[in-house]
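Note that full-length UniProt numbering gives residue 286 to position 286 of the sequence shown, counting from 1, and the numbers run on in steps of one.
Check each hint, because a few of them may be wrong.
Here are the simulated distance ranges between beta carbons [as the list claims (entries may be wrong)]:
| no. | residue 1 | residue 2 | range |
| --- | --- | --- | --- |
| 1 | Lys360 | Pro220 | 22 to 28 Å |
| 2 | Ile335 | Gln127 | 35 to 41 Å |
| 3 | Arg119 | Leu232 | 48 to 54 Å |
| 4 | Pro266 | Arg215 | 34 to 40 Å |
| 5 | Glu260 | Arg119 | 45 to 51 Å |
| 6 | Glu217 | Glu359 | 23 to 29 Å |
| 7 | Pro220 | Lys333 | 28 to 34 Å |
| 8 | Pro266 | Leu232 | 20 to 26 Å |
| 9 | Lys255 | Thr396 | 37 to 43 Å |
| 10 | Gly265 | Pro237 | 21 to 27 Å |
| 11 | Glu301 | Asn214 | 40 to 46 Å |
| 12 | Asn268 | Arg215 | 40 to 46 Å |
| 13 | Tyr361 | Gly193 | 44 to 50 Å |
| 14 | Pro188 | Lys255 | 44 to 50 Å |
Calculated lysine-lysine pairs in the PhoX-like style (CA-CA distance at most 20 Å, straight line) [unchecked claim]:
| no. | residue 1 | residue 2 |
| --- | --- | --- |
| 15 | Lys264 | Lys250 |
| 16 | Lys274 | Lys264 |
| 17 | Lys264 | Lys110 |
It should be emphasised that the hints constitute simulated quantities derived from the structure, not laboratory data.
The C-beta atom is built at its ideal place from N, Cα and C for all residues, glycine as well.
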Amino acid sequence: MTWQFSQHQDIGSGSVVSPGTISSPWTPVTGPPADSNGPGPDTKNLDVGDVSDDEKDMSAADAEGVWSPDIEQSFQEALAIYPPCGRRKIILSDEGKMYGRNELIARYIKLRTGKTRTRKQVSSHIQVLARRKLREIQAKLKVQFWQPGLQPGTSQDVKPFPQSSYPAGKPSTAVSQSDVGALQAPHPPVWEGRAIATHKLRLVEFSAFMESQNRDEPYPRHLFVHIGGPALSYADPLLEAVDVRQIYDKFPEKKGGLKELYDKGPQNAFFLVKFWADLNSNIQDEAGAFYGVTSQYESNENMTITCSTKVCSFGKQVVEKVETEYARYEGGKFIYRIHRSPMCEYMINFIHKLKHLPEKYMMNSVLENFTILQVVSNRDTQETLLCTAYVFEVSTSEHGAQHHIYRLVKD
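Can you build the whole structure from these sequences, using the hints too?
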């Protein structure tokens, strides 16, 4: 069985973690981690191909002939003039003829240099440069993982234990057998089966964003990804199912990995989210901006939750952050809010490098091997409350970030 994503639209809407959160620094993997598939990530080989890609590049370069500086210059000019058009053809108004992009690039090179390059040679050269560029980008991601000003082994934004302003449990009440018989079985909450939720915990909102420190910016906040939006109803469809075994290779498989967690259960707590991330930011000063993540959960139970976020590359854990959140009693429910949690340097650098790739397909090739595994558990019982696997592509929609949620099953 194979699975495909369908694209559904979700239009998104003091700079420290809230006092309700105990947050560890982002912890890099410096050696073979206990919960990875093997040795830590080797940035030399973090590309979209395998270790033989260099040989492929060399053989492709031989096939396409020598690209002299004047040909290369004309080639780069043509790339800028003729944007990717997929399978569509471009009609030249002065000739009325239809050309594919590679044909137009070859034609431009001929007009500028007098030298001939075929459509296939242009296609081969584009692929060679794309693979080379992707390897350069991934190799440059050897960055510092620690947040500025933090040292390994320290914790940030530690809050005191909460005051006991509400009872830890519900008072026991004697109920007669006749009373029980008179009660009708209630409908399950509307979000069960339709959102990232179980009867114990529900994800209300999740967003990753960039925020300008310049108050004169017309749009100071940009959402890369976002889950939230209008309230659900019983008329909304139930989540589609995806076999969890189809994504095992995208996440750590040993201790603490997706396979072990799923086998341990409860299996109704496992979800997959496909994000189409919006990288088209209008913020001018991106280097000085704040990069953060905000999430909110709610429950009918008073618990202390632990949220582990693992960033993975090629199925291996690169960096992890663990945050502990205490409940606040609001509106008859217990709310867990992790507010403006800073992104790690790895993620910030990854976003910068990704945005500078010239083509959307290059970005998607990199994102194909980039995943995030987020596990929310009960700190005291170690029970998994929610486990969400995130995979990514780049949004091509004018409406910004989009997402689709699936439930993970094992048929």
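Evaluated hints:
1. Lys360 with Pro220: 22 to 28 Å: Between lysine 360 and proline 220, where Cβ atoms are some 26 Å apart, the hint holds.
2. Ile335 with Gln127: 35 to 41 Å: violated (50 Å)
3. Arg119 with Leu232: 48 to 54 Å: Holds - the Cβ-Cβ distance for arginine 119 and leucine 232, about 50 Å, lies within 48 to 54 Å.
4. Pro266 with Arg215: 34 to 40 Å: Cβ of proline 266 to Cβ of arginine 215: about 46 Å, so the range 34 to 40 Å is violated.
5. Glu260 with Arg119: 45 to 51 Å: Between glutamate 260 and arginine 119, where Cβ atoms are some 50 Å apart, the hint holds.
6. Glu217 with Glu359: 23 to 29 Å: holds (28 Å)
7. Pro220 with Lys333: 28 to 34 Å: holds (31 Å)
8. Pro266 with Leu232: 20 to 26 Å: Between proline 266 and leucine 232, where Cβ atoms are some 21 Å apart, the hint holds.
9. Lys255 with Thr396: 37 to 43 Å: holds (38 Å)
10. Gly265 with Pro237: 21 to 27 Å: With Cβ atoms ~25 Å apart, the hint holds.
11. Glu301 with Asn214: 40 to 46 Å: For glutamate 301 and asparagine 214 the Cβ distance comes to about 42 Å; the hint holds.
12. Asn268 with Arg215: 40 to 46 Å: Because 45 Å falls inside the window, the suggested range holds.
13. Tyr361 with Gly193: 44 to 50 Å: 35 Å Cβ-Cβ, so the 44 to 50 Å window is violated.
14. Pro188 with Lys255: 44 to 50 Å: Since proline 188 and lysine 255 have Cβ atoms about 34 Å apart, the given range 44 to 50 Å is violated.
15. Lys264 with Lys250: holds (19 Å)
16. Lys274 with Lys264: At roughly 24 Å apart (the allowed maximum being 20 Å), lysine 264 and lysine 274 break the hint.
17. Lys264 with Lys110: violated (63 Å)
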